[in-house]
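**Q** Listed below are the residues making up each chain.
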Amino acid sequence: TQLLEQSPQFLSIQEGENLTVYCNSSSVFSSLQWYRQEPGEGPVLLVTVVTGGEVKKLKRLTFQFGDARKDSSLHITAAQPGDTGLYLCAGHVTDSWGKLQFGAGTQVVVTP
Amino acid sequence: GAGVSQSPSNKVTEKGKDVELRCDPISGHTALYWYRQSLGQGLEFLIYFQGNSAPDKSGLPSDRFSAERTGGSVSTLTIQRTQQEDSAVYLCASSPKGLAGTYEQYFGPGTRLTVT
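Read top to bottom, the protein sequences are chains R and V. Mapping of the first sequence onto my numbering: position 45 corresponds to residue 45, and the numbering continues sequentially without gaps. The number in my numbering is simply the position in the second sequence, starting from 1, with 112 added.
Derived from the structure by calculation, the hints contain no laboratory data. Given the structure is predicted, the values throughout are model-derived calculations rather than measurements. Hints may be right or wrong, so weigh each one.
As the list claims (entries may be wrong) - Below are the DSBU-like pairs computed for lysine-lysine, each with C-alpha atoms no more than 35 Å apart in a straight line:
# : chain 1 : residue 1 : chain 2 : residue 2
1 : V       : K123      : V       : K169
2 : R       : K70       : R       : K59
3 : V       : K169      : R       : K70
4 : R       : K56       : V       : K169
5 : V       : K169      : V       : K127
6 : V       : K169      : V       : K129
Claimed, not checked - Sample of chain V residues at the chain R side, in silico, Cβ under 8 Å:
#  : residue
7  : L151
8  : Y160
9  : F219
10 : G222
Note that beta-carbon positions come from the ideal geometry of N, C-alpha and C, so glycine has one too.
Generate coordinates for the entire structure from the input sequences, incorporating the hints supplied.
**A** Now the structure itself:
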């Protein structure tokens, strides 16, 4: 059973469209991170959110941490082909700071 | 500066053989993590080191899996008597002790293990 549930599993959109990826759990996390992974490479950290209700923006990417610190979302505005990749959310459970719990990922494909 | 490196990048082995996978973390990072990723899946936590000790080994799938870290730097993940279900990409990450408990992790490119 996945501690973090990501949805959708796969998303295919045209360049210029917007998209949102969701990450949900019944557990509370001390912090939550979003990574992007491209084929043959390790995940690359995009952002860390630590405060309930926090919103962070990274150019066209907007990340939100739920008030109860159990869920998060990633919104991409005007997607570009370079946004293609596997997006992973990962959280630190409050009593185990060393271990990251990962979601199964959302594969995003942006076509020109 | 140099990132996390892993070797080999690819390893094909016969069922029943032992394999060793190596991870060189970012210099100065005290924490080191091993994960396993099956095709199209998220990452499965295996083990975590703080310095040379492993406070959390809870993710190791069986006693065929072991890992060590020496000098607070290089780590080796050893899989004995490999099975076909061990085929996956093995990822290593390192982390400085972050502020406010964030503990951001930096990943290597992974070792793709194929057991035939």
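**Q** Kindly indicate which numbered hints from before are broken by the structure, ordering the numbers from low to high.
**A** 7
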